[in-house]
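Q: Read top to bottom, the protein sequences are chains A and B.
So the first sequence is residues 1 to 505, counted in this note's numbering.
So the second sequence is residues 1 to 505, counted in this note's numbering.
Keep in mind the hints are simulated off the structure, nothing from the lab.
Values in this document were obtained by computation on a predicted structure and should not be read as measured data.
A hint or two may mislead.
Treat identical chains as interchangeable: a pair holds within one or across any two.
What the hints assert, rightly or not - Straight-line distance between alpha carbons at most 25 Å, and here's what the computed SDA-like set of lysine to any residue pairs gives:
#1 K63 with N94
#2 K458 with T121
#3 K63 with E406
#4 K361 with S442
#5 K77 with E87
#6 K466 with D28
#7 K455 with P389
#8 K455 with G157
#9 K465 with T121
#10 K461 with D415
#11 K22 with V134
#12 K455 with G120
#13 K5 with K63
#14 K458 with T491
2 protein chains.
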Amino acid sequence: MSKNKPSLPQGTRDFDPATVRKRRYIFDTIRTVFELYGYQPLETPAMENLDTLMGKYGEEGDKLIFKILNNGLSDPKNVEKARSAFEKVLAGKNDSNLTERALRYDLTIPFARYVAMNHGTLTFPFRRYQMQPVWRADRPQKGRYREFYQCDADVVGSYSLLNEVELASIYATAFQKLGIPVEIRINNRKILAALAEICGGAGKMVDITVAIDKLDKIGLEKVKAELLERALTPDQVAIIEKYLALTGSNEEKLTALKTLFSPPATGGPGINETGTTGINETGTSGINETGAKGIAELEYILAYTTNASANPAANVSANPATDTSANPATDASYPGAPSLIVDLTLARGLNYYTGTIFEVKATGVQMGSIGGGGRYDDLTGTFGVPGIPGVGVSFGVDRIYDVMDELTLFPTAIDASIEYLFFNLGEAEAKAAFGLMQQLRSKGHSAELYHETAKFDKQFKYADKKGAHYVVILGSEELAGRTVKRKDLSTGQQETLSFEQLVNT
Amino acid sequence: MSKNKPSLPQGTRDFDPATVRKRRYIFDTIRTVFELYGYQPLETPAMENLDTLMGKYGEEGDKLIFKILNNGLSDPKNVEKARSAFEKVLAGKNDSNLTERALRYDLTIPFARYVAMNHGTLTFPFRRYQMQPVWRADRPQKGRYREFYQCDADVVGSYSLLNEVELASIYATAFQKLGIPVEIRINNRKILAALAEICGGAGKMVDITVAIDKLDKIGLEKVKAELLERALTPDQVAIIEKYLALTGSNEEKLTALKTLFSPPATGGPGINETGTTGINETGTSGINETGAKGIAELEYILAYTTNASANPAANVSANPATDTSANPATDASYPGAPSLIVDLTLARGLNYYTGTIFEVKATGVQMGSIGGGGRYDDLTGTFGVPGIPGVGVSFGVDRIYDVMDELTLFPTAIDASIEYLFFNLGEAEAKAAFGLMQQLRSKGHSAELYHETAKFDKQFKYADKKGAHYVVILGSEELAGRTVKRKDLSTGQQETLSFEQLVNT
Chain A
1 MSKNKPSLPQ GTRDFDPATV RKRRYIFDTI RTVFELYGYQ PLETPAMENL
51 DTLMGKYGEE GDKLIFKILN NGLSDPKNVE KARSAFEKVL AGKNDSNLTE
101 RALRYDLTIP FARYVAMNHG TLTFPFRRYQ MQPVWRADRP QKGRYREFYQ
151 CDADVVGSYS LLNEVELASI YATAFQKLGI PVEIRINNRK ILAALAEICG
201 GAGKMVDITV AIDKLDKIGL EKVKAELLER ALTPDQVAII EKYLALTGSN
251 EEKLTALKTL FSPPATGGPG INETGTTGIN ETGTSGINET GAKGIAELEY
301 ILAYTTNASA NPAANVSANP ATDTSANPAT DASYPGAPSL IVDLTLARGL
351 NYYTGTIFEV KATGVQMGSI GGGGRYDDLT GTFGVPGIPG VGVSFGVDRI
401 YDVMDELTLF PTAIDASIEY LFFNLGEAEA KAAFGLMQQL RSKGHSAELY
451 HETAKFDKQF KYADKKGAHY VVILGSEELA GRTVKRKDLS TGQQETLSFE
501 QLVNT
Chain B
1 MSKNKPSLPQ GTRDFDPATV RKRRYIFDTI RTVFELYGYQ PLETPAMENL
51 DTLMGKYGEE GDKLIFKILN NGLSDPKNVE KARSAFEKVL AGKNDSNLTE
101 RALRYDLTIP FARYVAMNHG TLTFPFRRYQ MQPVWRADRP QKGRYREFYQ
151 CDADVVGSYS LLNEVELASI YATAFQKLGI PVEIRINNRK ILAALAEICG
201 GAGKMVDITV AIDKLDKIGL EKVKAELLER ALTPDQVAII EKYLALTGSN
251 EEKLTALKTL FSPPATGGPG INETGTTGIN ETGTSGINET GAKGIAELEY
301 ILAYTTNASA NPAANVSANP ATDTSANPAT DASYPGAPSL IVDLTLARGL
351 NYYTGTIFEV KATGVQMGSI GGGGRYDDLT GTFGVPGIPG VGVSFGVDRI
401 YDVMDELTLF PTAIDASIEY LFFNLGEAEA KAAFGLMQQL RSKGHSAELY
451 HETAKFDKQF KYADKKGAHY VVILGSEELA GRTVKRKDLS TGQQETLSFE
501 QLVNT
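Start from the sequences and build out the full structure, keeping to the hints where you can.
A: Structural data, given as structure tokens:
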């Protein structure tokens, strides 16, 4: 047996009791919200068949999948196959004679696999949430781990934009319950598709979104340089710059966008002057069709969120004083109404998004996005079951933890590990304490008896370290009188109580 | 991309929403009890360094560990090392150039690793519980999976038998809360050690416990045959048979055991007649010393459990009528008092147990043990930190699930997935429904709006499949009158309510 000092694998973490409690608080809060919205829990195994995972995350992703070595390789009947399989692996391929299984890389592909396997028996739309760890062989660094939790809610089998409205409300409600001030940003991939159509054709979509996605990190000048490198013309880049510069309220942005996506008035000054061929590519004299769809989708969602004064049910329990607010268009009056920010620079790296995209950022702290998601057209096509669209959001639990820690948002109550710590002051005394403790526990109070007789000091120190609320002292004198001394460690206050008083208060 | 029909790795499972809810009910119930007793949650990573795990589970166990292939093997700078490492693996060895990490095989070794790494900062006794999956490359069969959850509570850094008393109470309380009728069996490895001392010496301990452990499965005759095969003499086997045949109440068994472990009265008939040399091995004329210790430990624990009439605090809230019960010695009157059964045939396979051992069986169903545990002397010695004793218990969650399913013990409430299902009967109607739904959700009621307008039938069918409690109908007529029709799907009762009534009742 190894007597080496033990250690943890790089990029993995133990969660001590205080950390588990805080993390659990986050999970419980988000789970409660998911369930309020009719989302159902699903759990899938940590291991998937390697086939299920490979080829789903791009070349770089594939390299980060943790593969599990088959067992029994040294069995004589397996050795030869294993050896040739290994040579294939050294050549960068996979072979089920060496590795048949791998660790889950995200929760989306296992969910797709589940839906594909069970689509005959599921009731659609199927709303599921899933909170489980995933594993990636990324280079560990601050805030990036090789084992981390994902926390996803998706609804599949529905094109309805009501789902987007609900998912936005889930974000708003969950972060409000956690106490984290956030901005929920929204955009639509159809708008980005329209931009691509105008700037060199649909084939430029990936080039454009990849570059725009870096705007936050590298700034406008470098995005422009990258677009030029990616073979866009200066005129096309100028349109993108104009697009990225659109500002104002949600309404103002969308109005300006409609103009940008429409051919200019005949003879007047306009985008056409830049000489781009893209603007009229749609061949109509109206607005770019894809772009118009994207804008309409955004407007539908915004009408449910920032325009709730149009909602006849919204003022059921609203305060009449706020019903006449100066700006009803931006003040949804039903509970959990999200305040969405249209962010046209939002692109989201993942190429499978086809409609609405979301991103959530905590305000007031330096931290990347703490949530994101979007709509996709085809969840399960890769598993032979086409035509299942969906939309989902994800919560970045590790970053949410860091934000809450930085802003000290965790309720102090979740740290309290034990309510009553009984001192152990002799055998008969301990037995009496034990009986009282069992009474308290049966009423839902956590309690502990110091494990052996020891000096007062030592027992006090233990109670203090455990964060006990009360210390209960039951010595020979107290035992004779059937009383205890109960000391509140936070206030220092001490009272003498009868056995009955202790267990009944 | 693969278009194959996807499947799950052998021995792994998806948990659908209803199953997750039931499993969560079990975990939550057990967790609540652990916390009442001051046990703190700990979570460790799924992966451990291979060094941490290898050599801890015996030769057979080592073979069942899932190893993770290192990433980047096809990188030219790794190929040569990997190739020679692979040859070592084919020869049945391990090499960190091929696999550095492996999946957790149980929760005990990761806990030991955690304590060894953190013993300088932990407060002892350290009480932790852990509920996480483990992975074993066992041949899958009914009730045996390659991924399954363990659910352990251990206290380390304490020799006090109060810990055993508490763990027994945890078992009693948890199974009572789950509604599972159980027998909690208890024995002590010191008693088995004494039996070994009497039957051929301490070196026979493993032979004897391994054989006795099979008693349930193979019956007495085969156990005797196995003992003879393992080089015990017929006389020694006769003593073991006598030991296994001890019956009666706990007290009667322990009294008989004391006789069995003591030299016979001079000249009288007794065990000595069998010619064994073991009986007098202790060199005293009294009872075998190890056995006496084991018996005393059992008696200490029993005094706290089945002999609570000696407990001055026990009758604080007890009914006076039961205080004078006919059999106070077997009727502990504090809440959660376990009723323990001394089972001298209980051996537990694991060799690291040194004192108390527990096993829990559900009564009234055919099922193996649903819980087990015991005391060990040295948790962390293998990691270079000697002298940390402990005691722990484990809950077999998969079997507990099966028992509860068979006895239909799950509360029906945990199946209800959604309270209010709103029909979607038009755009304006849906908007109004949405506002009402958000009011209900803000009050903690789960609600869902059908995702699109559709025929009544279709929406009813969906509500039914989702197990909705109420269906809420809000059509154009209702909207005009600011009312809804609410139908209780279980009773079929339908009422017309105003918007206000709906959200306020």
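Q: It remains to establish, for every hint, whether it holds in the given structure.
A: These are the hints, each one checked on the structure:
For the identical chains of this complex, K63 and N94 are neighbours both inside a copy (11 Å) and across copies (23 Å), given an alpha-carbon limit of 25 Å. For a Cα distance limit of 25 Å, the shortest separation of K458 from T121 across copies, 16 Å, qualifies, whereas the shortest one inside one copy, 61 Å, does not. With identical chains, the CA atoms of K63 and E406 are never at most 25 Å apart, being 34 Å at best within one copy and 45 Å at best between copies. For the identical chains of this complex, K361 and S442 are inter-copy neighbours only, at 23 Å across copies versus 44 Å inside a copy, given an alpha-carbon limit of 25 Å.
Taking the shortest Cα distances, K77 and E87 sit within 25 Å of each other both inside one copy (18 Å) and across copies (15 Å). In this homomeric assembly, K466 and D28 come within 25 Å of each other (Cα to Cα) both inside a single copy, at 24 Å, and across copies, at 22 Å. In this assembly of identical chains, K455 and P389 lie within 25 Å of each other by CA distance solely across copies; the values are 21 Å between and 67 Å within a copy. Within a single copy, K455 and G157 get their C-alpha atoms only as close as 66 Å, which misses the 25 Å cut-off; across copies the closest is 17 Å, which meets it.
Only between protomers do K465 and T121 lie at most 25 Å apart by alpha-carbon distance; the minimum there is 11 Å, versus 52 Å within a single protomer. For the identical chains of this complex, K461 and D415 are intra-copy neighbours only, at 18 Å inside a copy versus 45 Å across copies, given an alpha-carbon limit of 25 Å. Taking the shortest Cα distances, K22 and V134 sit within 25 Å of each other both inside one copy (20 Å) and across copies (23 Å). For the homomeric pair K455 and G120, the shortest alpha-carbon distance between copies (22 Å) is at most 25 Å, but the shortest distance inside one copy (67 Å) is not.
Within a single copy, K5 and K63 get their C-alpha atoms only as close as 31 Å, which misses the 25 Å cut-off; across copies the closest is 24 Å, which meets it. Taking CA atoms no more than 25 Å apart as the test, K458 paired with T491 passes inside one copy only; the shortest distance there is 20 Å, against 61 Å between copies.
Figure legend: structure checked against the earlier numbered hints; the only hint not met is number 3.
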